[in-house]
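Using the sequences and the hints given, assemble the complete structure.
2 protein chains.
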Amino acid sequence: PAGRKVLIVYAHQEPKSLNGSLKRVAVEELSKQGCSVTVSDLYAMQFEPRATRNDIVGCLHNSEEFDYGVETWEAYKRGALSNDLIEEQKKVQEADLLIFQFPLYWFSMPAIMKGWMDRVLVQGFAHEFPNCYDSGLLKNKLALFSFTTGGSREMYAKGGISGDIRYLLWPMQHGIMHFCGVKVLAPHICFAPEYVSEEKRKEMLVAWAQRLKTLWKEEPINCSPEWYFK
Amino acid sequence: PAGRKVLIVYAHQEPKSLNGSLKRVAVEELSKQGCSVTVSDLYAMQFEPRATRNDIVGCLHNSEEFDYGVETWEAYKRGALSNDLIEEQKKVQEADLLIFQFPLYWFSMPAIMKGWMDRVLVQGFAHEFPNCYDSGLLKNKLALFSFTTGGSREMYAKGGISGDIRYLLWPMQHGIMHFCGVKVLAPHICFAPEYVSEEKRKEMLVAWAQRLKTLWKEEPINCSPEWYFK
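As you go down the protein sequences, you meet chains A and B in turn.
Following my numbering from start to finish, the first sequence increments by one per residue and tops out at 230.
Following my numbering from start to finish, the second sequence increments by one per residue and tops out at 1230.
I should point out that these hints are in silico values taken from the structure, not numbers from a laboratory.
Please note: incorrect hints may appear among the correct ones.
[As the list claims (entries may be wrong)] Across the chosen pairs, the derived CB separations fall in these ranges:
1. I189(A) with K1230(B): 43 to 53 angstroms
2. S224(A) with K1090(B): 41 to 51 angstroms
3. N222(A) with V1057(B): 47 to 57 angstroms
4. G3(A) with A1186(B): 47 to 57 angstroms
5. R201(A) with N1140(B): 49 to 59 angstroms
6. N1140(B) with E218(A): 46 to 56 angstroms
7. P1(A) with M1045(B): 44 to 54 angstroms
8. Y1195(B) with G160(A): 14 to 24 angstroms
9. D1096(B) with F129(A): 37 to 47 angstroms
Glycine included, each C-beta is placed from N, C-alpha and C at the ideal position.
See the structure below:
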């Protein structure tokens, strides 16, 4: 894996959190393998989550009626997206692997990370009909969702009160990553770290480091309804 | 329905958009019925989607290691949440029905609306273990997700390339609203309005107004895996 490029998109406010530690472990282990690792630390960057007219520099394609999807597509083509988006797109373009590290908020990613998806994965850059799903423009890249939960493994079991954890992965893994052509590795989930001992939390970090050692040998999941809802 | 209170949480940048029209239709029709309607126009409010330390006024419960969930829970109890959150919580508290009006972004709501969920539905206010799901603190309220899609009805059919549209409703309807005890009415979906005629778009507005006329007679869906994944 030496020479491979990894982008970690990280959304936690507190460096001392388990998410902060999971991010550090990934940087260390992947760097040790000779990978080149970049981190987008969204809260530290005060990353803007709102999709607005400010994302387009200069005149609009249609200033009568603002359509965010159309305007960012047009702006992408003429190199007129705002600088923060161009920076993130460069990082994505160079990466072989995207790791998303976050605490699960409301069965999904925190708004600051959803804003990264909404704003960075612009039409023309990440997809352009009919180039979506298996022919999405980011094909040949891998993605991995690594997150912590509030609820326990039992709550997120099939038949549990919160349903199979895979149900909530559908919009993120299939709806976003697969749509852009990115192949998805199995998620890495730390269940309810707030309710376990310090020792257990350390084991979670060790397990993550361990998985990363052989990550490049993993096969992507079959990102179709069977995987999620079987 | 006279006297019923409705909060419309609305996320579109452009008043002239179909989402803008759907919002106006709802305000008009529900007001005509004698309901009292409030709108949170998130982009116009420049609503903050990021969950940060700024949401807590004054000292933190634990300034050594910032935990957003714990801090906002504690701040709620001592009345120390930021003013924008207190305002939104008041609107939610008073409402009998919450309508979420938005364009689908990446199989979910736009980040600005996800931020509303992340920040407003604080523990202690909307849920407090074991008061979640059927005993969530917002029980006796109704919610309805009303949105437009980019993809067509065929793409979002079972077996279609984007999978049954119900798959992506699980995190929003079950993971957020049901978790807080809110009963969920059937979603209202306008498929691919950008690809239909002006006349068809007008029919979409009429259909929405029509549905709202008998909305208060509707039974909530059975918000369990069977509804979503059967």
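message = Please check whether P1(A) and M1045(B) have a Cβ separation lying inside 44 to 54 angstroms.
response = Given about 46 angstroms between the Cβ atoms, the range holds.
ask   = Y1195(B) and G160(A), beta-carbon distance inside 14 to 24 angstroms?
value = With a Cβ separation near 39 angstroms, Y1195(B) and G160(A) fall outside 14 to 24 angstroms, so the hint is violated.
Assessment of proposed distance window 37 to 47 angstroms (beta carbons of D1096(B), F129(A)) = holds (41 angstroms)
task = Take a look at whether the Cβ-Cβ distance between N1140(B) and E218(A) falls inside 46 to 56 angstroms.
result = Holds, since N1140(B) and E218(A) (Cβ atoms, about 47 angstroms apart) stay within the stated range.
key: Outcome for the supplied range 47 to 57 angstroms, where the beta carbon pair is N222(A) and V1057(B)   = holds (49 angstroms)
request  = Hint says 49 to 59 angstroms; check whether the CB-CB distance for R201(A) and N1140(B) agrees.
outcome  = About 39 angstroms separates the Cβ atoms of R201(A) and N1140(B), which means 49 to 59 angstroms is violated.
request  = With respect to the beta-carbon atoms only, verify the hint that S224(A) and K1090(B) lie 41 to 51 angstroms apart.
outcome  = Taking Cβ atoms as reference, S224(A) and K1090(B) lie about 44 angstroms apart, which means the hint holds.
key: Satisfaction of the hinted span 43 to 53 angstroms by the C-beta atoms belonging to I189(A) and K1230(B)   = violated (25 angstroms)
request  = Could you say whether the range 47 to 57 angstroms given as a hint is met by the Cβ separation of G3(A) and A1186(B)?
outcome  = holds (52 angstroms)
Checked against the numbered hints above, the structure breaks hints 1, 5 and 8 and satisfies the rest.
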